[in-house]
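Q: Listed here are the chains, written in short residue letters.
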Amino acid sequence: MSSKTHITLTINDEPYRADVEPRMLAADFLRDELALTGTHIGCEHGVCGACTILLNGVSVRSCLLLAIQLDDAEVQTVEGLGSTREMHRIQTAFREYHALQCGFCTPGFLMTVQDILNTLPLRNDKEIRDALSGNICRCTGYDHIVKAVRSLVTERDKIANQ
Amino acid sequence: MKPAPFEYVRPDTLDAAVQALNHEDARIIAGGQSLVPMMNFRLVQPERLVDINRIEALTPIVQTDTGVRVGALTRHVEAEYHPLLREHFPIISEAMPYVAHLAIRNRGTIAGSLCHADPSAEWPLLAILLNGEIEILGGSGSRTVPAEEFFMAPLTTDIAETELVTGVFFPSPPASCGMAFDEVSWRAGDFAIVAAGALVYIEKNRFVNVRLVLGGVFDTPIRITALEEALVGQSANQDAIEAVLSLTTKDLEPNDDLHASAEYRLSLVHVLARRVLTCALERASS
Ligand SMILES: Cc1cc2nc3c(=O)[nH]c(=O)nc-3n(C[C@H](O)[C@H](O)[C@H](O)COP(=O)(O)OP(=O)(O)OC[C@H]3O[C@@H](n4cnc5c(N)ncnc54)[C@H](O)[C@@H]3O)c2cc1C
Ligand code: FES
Ligand code: FES
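The listed protein sequences derive, respectively, from chains A and B. The first sequence: position 148 = 176 (the numbering used here), numbered continuously. The second sequence: position 140 = 489 (the numbering used here), numbered continuously.
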């Protein structure tokens, strides 16, 4: 029953192949097998959002997904967003607005923000807070995260209206 | 917190899925948004997991002469934005934002939610309110069950382990129909403490047909037939609603648990029933 199955997938635009046990969670696969430890694990039952990744372009919980289900998929993790030298715009906005303290929740927030900037109008702070409600942060009190997202939305809409 | 070992099967067709389910302790995985948490906690330990995510026959949303058929694998987010559902059943896009959070709605499915049958979940309430018919396929063929008869108890439905839900059919409501949904939960994305949905048909300024369904109050969503019947034939206005509103809580014995006391639920029922009936009436009138 614990025999392994071969999967092929793309992570952050790089091809990967692996043999996985069916019961391995996608979050554990990324962290323990591929050493992509940017994806964090908080609750393992879908509540905290720390493990959020993009699966074929949309945000999902990697703790509620099996690695074997990633076969043929395109995955994006926080490692694909930017690096310390070359940060993604979402990351620089988080830095500018002090949107993190301990940083444990941050990878999940960054991936969520990437999805919601693409898919939701985010017309006001209430909508921003709603869209972020699936990610828990125990440090910041959320205000600074909301400010960072608001600045990203303003920037997005300015470009779109040009 | 990791799942116990299991065998994994990923059928591409309905036939293959039915065959794969014909096995000791096999379990379907759709979105996995209710099942995987239970597997992580080891509350369930299936021998075999049948992943239906690649069965294309389970995805389409199509219009028929009499309504709209929604494929079992329709994700909550797809249902929220689908043009056909927005046009004929706007209450679905009104209710979907209350289902969990975006990342969970991106993955969770209509059939998964119906089969999981959480007493507070939005889909079971909507399916009953909209008079949905649940299509089920098994080794001995297919059958259809009205949503009202599908839910038996918390997390228990009229479906055998060897069967799968293939879709839900929603009959078109008449044009002079208004619908509304609302709920109260502790935090955004939490399961509802109480949820309510109403459907109101009016003709010549009178109520012709009314449906009021509550979730989170009892083991399964419940229709408040006493109120529905009392409104039919009355003038379609707010006074008529006020006059019968007390019927909503009459004989109702809501759950009393750590999320909310029975007393608090009763007061929420009253508030939410008024809100959705009033709003559905306004929409029916405009
Ligand atoms: C943090 C969190 C918050 C949530 N909040 C809410 C909420 O507020 N409201 C709400 O409604 N839901 C909520 N959910 C649950 C979510 O909506 C799930 O998507 C849904 O309950 C199950 O759908 P699924 O496709 O993920 O099913 P799965 O988890 O894959 O399956 C659930 C059950 O249904 C069975 N099943 C699935 N598909 C079929 C089929 N086609 N035929 C037969 N059996 C099938 C499975 O075997 C399993 O027993 C929440 C989940 C999480 C993790
Ligand atoms: S670890 Fe996945 S949501 Fe908390
Ligand atoms: S920064 Fe510490 S949990 Fe969010």
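Keep in mind that the hints were calculated from the coordinates and are not lab data. It cannot be assumed that every hint is accurate.
When the alpha-carbon atoms are kept at most 20 Å apart in a straight line, the in silico EDC-like pairs for lysine to aspartate or glutamate are as follows [as the list claims (entries may be wrong)]: (1) A/154 with A/107; (2) B/351 with A/155; (3) A/32 with B/396; (4) A/154 with A/114.
Far from chain A, by Cβ distances over 10 Å, these chain B residues were calculated [what the hints assert, rightly or not]: (5) 503; (6) 627; (7) 631.
So, partial list: chain B residues that the calculated Cβ filter (under 8 Å) puts toward chain A [to be verified]: (8) 351; (9) 354; (10) 357; (11) 360; (12) 361; (13) 362; (14) 423; (15) 453.
Please read these numbers as outputs of a predicted model, since none were measured by experiment. From the three backbone atoms N, C-alpha and C, an ideal C-beta is built for every residue, glycine too.
Q: None of the hints should be skipped; say for each whether it holds.
A: Results for each hint:
1. A/154 with A/107: 29 Å, violated
2. B/351 with A/155: Violated: residue 351 of chain B and residue 155 of chain A sit about 34 Å apart, past 20 Å.
3. A/32 with B/396: Holds, at roughly 16 Å.
4. A/154 with A/114: Distance of about 31 Å is beyond 20 Å: violated.
5. 503: Check passes; 18 Å lies beyond 10 Å.
6. 627: 23 Å, holds
7. 631: 23 Å, holds
8. 351: 7 Å, holds
9. 354: The hint holds - residue 354 of chain B has a Cβ within 8 Å of chain A, the shortest such distance being about 5 Å.
10. 357: 4 Å, holds
11. 360: 14 Å, violated
12. 361: 13 Å, violated
13. 362: Cβ of residue 362 of chain B sits 17 Å from chain A, so the hint is violated.
14. 423: Violated - the Cβ of residue 423 of chain B stays beyond 8 Å from chain A, reaching only about 15 Å at its closest.
15. 453: Given a least distance of 6 Å, the restraint on residue 453 of chain B holds.
In summary, the numbered hints that this structure violates are 1, 2, 4, 11, 12, 13, 14.
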